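Student: Chain residues, written in single-letter form:
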Amino acid sequence: MAPPSYYMILSAVLFCIGVSGVLLRRNVLIIFMSIELMLNAVNLAFVSLSRAWGSVDGQSIVFFVMTVAAAEAAVGLGIILATFRNRATVNADEINLMRW
Amino acid sequence: MPLWLFIFLAALAIIGAAGVVLQRHPVHSLLSLVMTLVVIAVLFIGLGAATVGFLQMIVYAGAIMVLFLFVIWLLNLQSQPLEPGHLALKFLGSLGSAALIAELLLFVVHPPPAITQNRAVAMDFGSIGRLAQSLFTDYLIAFEATSVLLLVGVIGGVALARRTTAGGGGAPGGTP
Amino acid sequence: MAEHFPLGLILLFPAIGVVFNLFVGQRAGRTTVGIVGAGVIGAAFVVGAVAFGRLLGLPTGGALTSTLWPWIEAGAFKVDVALRFDALTAVMVLVVSGVGMLIHIYSSGYMAEDGDYARFFTYMNLFVLSMLTLVLADNLLLMFVGWEGVGLCSYLLIAFWYTNPEYAYNGRKAFIVNRVGDAAFILGILTTVWVGATHGLWTLNFVELRQHIAWFGPATATMICVLLFIGATGKSAQIPLYIWLPDAMVGPTPVSALIHAATMVTAGVYMVARLNFLYLLSPDAMELVATVGTITCIFAATIAITQPDIKRVLAYSTISQLGYMFLAVGVGAFSAGIFHLMTHAFFKSLLFLCAGSVIHGMGGEQDMNKMGGLASKMPITCTTMWIATLAIAAVPPFAGFFSKDMILSGAYTSGHFGLWLLGLITAGFTGLYMFRLMFMTFHGESRVEPERAHHLHESPPVMTLPLMALALLCVIGGWVQLPEGWLWGGSFSRFLSGSVGIFKPALEASDLGLSILSLAVSLTGALIAYIFYIRYPGLPTYLAWRAKAIYQLLLEKYYIDQIYDALVSRPLFFIAQYVLFKGLDYYTIDGLVNGTGTTVEASGDAVRRFETGNVQHYALIYLIGAVGIAAFYLYLVMR
Amino acid sequence: MSGWLTALVFLPLLGAGFVTLQSDERAAWRSAFIFSLIPLAISFYLFAAFDPQQASYQFVERYDWIPQFGISYHMGLDGISLFLVLLTTILIALSLLYSGGGDIGFRVREFCFFMLVLETGLLGTLVSIDLFLFYVFWEVMLIPMYFLIGIWGHGRKIYAAFKFILYTMLGSLLMLVAILYLVFRARTALGHLTFDLPDLMSVPLTMNEARWLFAGFALAFAIKVPMWPFHTWLPDAHTEAPTAGSVILAGVMLKMGTYGFLRFAIPLFPDVAREAAPIFMALAVVGIVFGALLALVQPDLKRLVAYSSVSHLGFVVLGIFALNPQGVEGAIYQMLNHGISTGSLFLLVGMLYLRRHTREISEFGGLWQSIPIYAGIFMVVMLSSVGLPGLNGFVGEFLILLGAYLHTWLAALFAVSGLILGALYLFYAYERVMFGPITKDVNKALPDLSLREIAVMVPLLGLMFFMGFYPGPLLNRMEPSVLALVQRTHTHIARIDSPSATSAVVAELTKADRSR
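Residue numbers (my numbering), protein chains in the order written: chain U, 1 to 100; chain H, 1 to 176; chain Z, 1 to 639; chain D, 1 to 516.
Hints were generated in silico from the structure; no laboratory data involved.
Fair warning: this is a prediction, and the values are worked out from it, not measured in the lab.
The beta-carbon is built from N, C-alpha and C at its ideal position, and this holds for glycine as well.
Honestly, I wouldn't trust all of these hints.
Claimed, not checked - Some, not all, of what chain Z presents toward chain H, calculated at C-beta under 8 Å: (1) 616; (2) 623; (3) 624; (4) 638.
Said to hold, decoys possible - Simulated restraints on C-beta separations: (5) D:62 with Z:219: 51 to 57 Å; (6) Z:570 with D:169: 52 to 58 Å; (7) H:154 with Z:599: 47 to 53 Å; (8) D:173 with Z:214: 29 to 35 Å; (9) Z:309 with D:459: 45 to 51 Å; (10) Z:637 with D:169: 45 to 51 Å; (11) Z:309 with D:450: 41 to 47 Å; (12) D:445 with Z:599: 48 to 54 Å; (13) D:21 with H:142: 50 to 56 Å; (14) Z:599 with H:25: 26 to 32 Å; (15) Z:549 with D:462: 45 to 51 Å; (16) Z:26 with D:442: 24 to 30 Å; (17) U:89 with H:154: 23 to 29 Å.
Between the sequences and the hints, there should be enough to build the whole structure, so can you do that?
Tutor: Now the structure itself:
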């Protein structure tokens, strides 16, 4: 039986890979994917702790996270599409309209 | 879940995650992500959260990822080299990620976890019924709110992605 | 003993003149302006004369009064616009309006060619109005209204030909120097109020002050008197504030005659005489007045000897004669001071008007080195000016003899031998510079430039008639105060005694002996002038060459202007410009203010740089924050 | 409950609304001018109907506004505010009249709108007795002025507008804190929240509290006045503002600071006022001399006038903190004088600017030849400003000097130097602008004042003479209120001060005043 802490370690590792993906890649789509990865890492932690504590609350939260992720994906991908149409790029460096 | 199986799945998940970051072609990245998500879904089921695990499989690995795929095709993205870009950013990003993972690991091992064993649970733990009971009692308002959120997300997605026609109602970001 | 009389009329007529000339003058013809301008002053003189007649009917010390309207009332402080006509005022009103009227008539000829005829008469009427307010006021504050008003008119008239920047500058100089004195004057007024306030009666009224004279201790009296006297040194051109008067001569000559010789500059003497009860409380202040007067007297006379400009000689002569008056009031011989004030008004205005006539005839030339031998060309001017000269040189029986004699004997008998001696010497100088002026202008060889020579002419009757009238006054004006024991001797002093008291000599002296002595000294001065300028015309040049340093010192007026410039004017501007404006205001205070703004802006700008618009940068910062927070918790856990 | 004050304050606002409806700019200006005449008429009525015997507020209006917080709509007029109300209505009407003559080249409608809103703010500030109401109006008057400077100004107008508003806001906010503290202190003392001035005056405070609160109020007012060394916003704001803005800024707005001292800071904390008086007098004297010296070296005519304001307002503060009837009445009088004479100076400089588009003194010279009426009027205004006896300036300055002298003779000694320097800088400037030969050809053909400009100046000149010769109607009306104010500071003294030389004099004064 894998103890809960192992799941936590896996969750942490996946999360940090997601973080590095956000920071290292310049393609906004991949950045977006990395964010999804981070969300899932957190979900994993929730579910494992839900199991460890024997409480179903964690799973409810995961449910909500998924919903939010779905909405986020819809809007976020819409934004990416719109931006691409305007600026013909998915390069994060070149998308800096919010600059000072 | 036996330990060896967990380690195997964990390795798969990590390989998939690394693939997301390292693959040059967005589609390859996406496929790696799908692999990770599926592995996570398996882990969910292994943890007894069957409902959530299947949801993960269907909604995440299925629907959302297909959305991504469509977008990639729509944009006709080709593989791009891992250009050097901002070296400072890369360096600091790597460093930060490393520091964060080190810290998180330290959190897990130190002090020793309070719970080393999973608690015994009822058979229906993780079933749709239990989950539904939780969602429709304790989290009712949040649940309703998510429905609104999804609606807003759908509308927003449509509005953003829609191609504006001349003289049409000026969707945000829609001026070519 | 105060009787009501519509004294406001005396002020009303000049005021009408001001308003008329100001608003209608440009459109009305020159004749109308001249008639109105002189006429209103004449009307004021007539009213003054009527009032004088009424006053003579009252016992000694009586006065006519008129309260026009309440002026400033704040808390317990109360001052009215109220007029009082006593013996002292009577003399002043008659002199001011009488001489003023003659000068106005003269002006209508002198200024006939000027484009700004109406403006000139507006100012002149305004001046007479202010001067009459000054002498008619029954309280110090109203007196101050006139006091500043005459200063303003002086400014306006000096700068009358404003297109010349130097004239404008001289006008301003006069006003500012006067203003310095006025500031002290105000402080004197404030101190007076304060004394009354501590006793519960807030007053500036002369009569009330005199009634409550016991409230004034010697120290406060000295303080008030000195402060007011500083004001007087400004207005009456005494050391150290005399510097404006010689420069004031750039104004039209009638102005010099009326304002800078006959009336305004005597305001200080009038003020001291008016407040004689206060000055008598303070021997120190009296001593100061007498000393300053005497030093100014001789100081100005020495400068007058060397000046080449005819009007400047007269200007320094005025300063010197004013010194005599202050000597008189300073030793307590107030009636002598006022007497000299009156005779001086006659002969000095005559001198100026004659000088004006000469300048008019010469087409604007004022340098005596370019005159000479004018007697034949301008007989009336020459004759009348000789009368005035004899008057100022104190030759009997002309007016100046009686008044100057009275002053010198006052100085002597009050025990001020030093001052008396200086006064006596000055009498010699007076003879010298006046005869020098006469000889250089009217006698000897003509040094007139040829192009001016052919249109040399005597002035028109409208100018010479006032000269003759004044000449008459110069002859008979002194007879109102013959030495005690002669005919109606001492009548003027007795008339004034109600206002200024009776001079009580400290010691006996032979009046006749003193008179003869001073006459001798005067004539010696005249003789020297004769030798220098008629007998041996080369002598002055030789002497100037031999005693070059002294001559230069005198010619440059002891370099006082330059000293003031270096000590007051330049440092003031320097401090204002560089220390206060640039140093303190611009760089320090505003620097602090703007520095605050700049600091906020700079820090904002620095922080702004993080807003690259690149989402990854934000994420990195976010990550750093997360690492930091985690590290902190880790620290808490592992501690 | 007469309703006069409400009408006075809010009719301009109504007018402002009306002005925005006008399509034609000319019509907008005309209606704005007419609407500015209405409060003028009302203020004249108030002046006539004012009871000179009464010290307390007249024409009082009082309604609950936000009763939960003790905020009421409480307005009234006393001998201190009456004349400032008059001054405001007169100057607003005249500057609107002047502005119709081409001084405002664009957006006339908006300009008129802001002027009328400004009038509401100014009048409201003057008649409010409730501190909350007061604070609302206090802030309201900033906004239109900000736009007036920022939109219709010259040169560095944005900088000036910002500096003006930031400076003033800084002080205002501290005052707000002080007001709130006082209000909560009132709750503990009186049992209920109240913003009403008479109520707040009865709140017992410890000396230390009072000092801090006084400082909060005093800073706001000192910046507004502006007292040295908080004056640096003033030259910029005055110089860059449009003519009408400068007139209102100098003529009325600066008075809000001194008025605030008289209405709030001193009556609320009389003990502290008494205690702090030497400091304020010293600052005032520094301001007098400093402003005058700086005015002396300004190359810009308008900036010169602006610095002269610092000097004149120094006199006002000096009079206020003499805390005796003469000083305070002189100060109020001087506020009016300054409003009239400096307002006129700004108008005159504006007229010159309109003709030549420069204010540099060196650009002029010999103007008397080309524009004699202008020069003559300038002369009278200048004489009024330097305090020539017979004109209005003298009455105020003399009373202030008298008050200061009775308080501390040293203050008067230094302050009289302001008289000399005041004459120096103005006459020096006048000489360079009006006298001498005409050095620039363009100055030869300058048109003299138009009828409209003369019409603007004549009422001001009339006031100068009237107030110089016959100050009685004004002084009478302010006397009871001033005496009450002074009385209040004195009765408090008896409680906290040890007997000293000054208080002996003060006791004398009080006695003398009582015996009247």
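Student: Can you list which hints this structure breaks, lowest number first?
Tutor: 6, 8, 14, 15
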